[in-house]
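Colleague: Single-letter residue listing:
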Amino acid sequence: MPILSNADREYLSQVFAERLVDPVKIRLYTQKLAQLSIPGYECMTCRETNELMEEVASLSDKIELEMLDFLQVREQAAREGITEIPAIVLEGKNKGKVRFIGVPAGYEFATLIEDMIDVSRGTTKLQPLSREILGKLARPVHIQVFVTPT
Amino acid sequence: MMAVESDKVTADVVEVSEFPHIAQRYRIYAVPKVVIDETLEFEGARPEEAFIAAVESVAGGPVEEGGSPQGE
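These protein sequences, in sequence, are chains R and F.
Going by the working numbering, the residue at position 90 of the first sequence is 90; the numbering climbs one at a time, nothing skipped.
Numbers in the working numbering are just positions in the second sequence, counted from 1, shifted up by 1000.
Keep in mind the hints are simulated off the structure, nothing from the lab.
Note that the coordinates shown come from a computational prediction; the quantities given were computed from them, not determined experimentally.
We put the CB at the ideal spot given by N, CA and C, even for glycine.
Warning: the hint list may mix true and false statements.
Examples of chain F residues lying across from chain R (beta carbon under 8 Å, computed) [as the list claims (entries may be wrong)]: (1) Val1004; (2) Asp1007; (3) Glu1015; (4) Phe1019; (5) Val1034; (6) Val1035; (7) Ile1036; (8) Pro1047; (9) Glu1048; (10) Ile1052; (11) Ser1057; (12) Gly1060.
Now the stretches of chain F that chain R is said to cover, found in silico as 3 or more residues with beta-carbon under 8 Å [unchecked claim]: (13) 1008-1014; (14) 1021-1033.
In silico DSS-like cross-links for lysine-lysine, where the CA-CA straight-line distance does not exceed 25 Å [said to hold, decoys possible]: (15) Lys62(R) <-> Lys93(R); (16) Lys1033(F) <-> Lys32(R); (17) Lys1033(F) <-> Lys95(R); (18) Lys136(R) <-> Lys97(R); (19) Lys97(R) <-> Lys62(R); (20) Lys1033(F) <-> Lys125(R).
Excised from the complex, chain R in its bound form:
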């Protein structure tokens, strides 16, 4: 059974059609279904995340989903700083790195959709002064926002 309701799918299709500009890639580090039962290494939310991202990607031609098996691409994952799965890396016109660790459920799902749109457009709703400050940062910075599903 799909995770997204028909109404959700319809709504998201419309949002994507109206607001996505350039292609956006979802790189998902996960466990493939066949391996979900490895003892001692079970990703509790990978299955749900895989399904959810497949459904989201099916709603627009501009969304590309790349599913990577974390255990088979550990070097690449390490280079990207991915240590936990499921992990989503968004790629498009973003200058920095935008990632989601854990299943993007509840309110975080809305955040993911908004971020996909920003990444597709290369613009945000941040104020001009904020953008100016960010453009002048002297050093790399890692911002982690910890949330729980609500």
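Given the coordinates of chain R, work out where chain F should sit on it, guided by the hints.
Modeller: Quick look at chain F alone, frame taken from chain R:
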């Protein structure tokens, strides 16, 4: 949004209930909690200006590490 605007920024949204060891490591008792470069942290939502100021305080301005900028 900040990571869309700046190549210096890596922004992670972490669903922490799946990763108890992360919750423990960052002492997360309330969400949302923001940790910037493992050094600056705050709980709860902040207005955009305050959030940007926090990021700037960590990563903005002249380079502090390794002594004075003209030392090299």
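Colleague: None of the hints should be skipped; say for each whether it holds.
Modeller: Each hint, compared with the structure:
no.: 1; hint: Val1004; result: 4 Å, holds
no.: 2; hint: Asp1007; result: 4 Å, holds
no.: 3; hint: Glu1015; result: 3 Å, holds
no.: 4; hint: Phe1019; result: 6 Å, holds
no.: 5; hint: Val1034; result: 5 Å, holds
no.: 6; hint: Val1035; result: 5 Å, holds
no.: 7; hint: Ile1036; result: 5 Å, holds
no.: 8; hint: Pro1047; result: 11 Å, violated
no.: 9; hint: Glu1048; result: 6 Å, holds
no.: 10; hint: Ile1052; result: 5 Å, holds
no.: 11; hint: Ser1057; result: 10 Å, violated
no.: 12; hint: Gly1060; result: 5 Å, holds
no.: 13; hint: 1008-1014; result: holds (count 7)
no.: 14; hint: 1021-1033; result: holds (count 7)
no.: 15; hint: Lys62(R) <-> Lys93(R); result: 13 Å, holds
no.: 16; hint: Lys1033(F) <-> Lys32(R); result: 31 Å, violated
no.: 17; hint: Lys1033(F) <-> Lys95(R); result: 24 Å, holds
no.: 18; hint: Lys136(R) <-> Lys97(R); result: 17 Å, holds
no.: 19; hint: Lys97(R) <-> Lys62(R); result: 19 Å, holds
no.: 20; hint: Lys1033(F) <-> Lys125(R); result: 22 Å, holds
Hints 8, 11 and 16, counting from the list given before, are not met by this structure.
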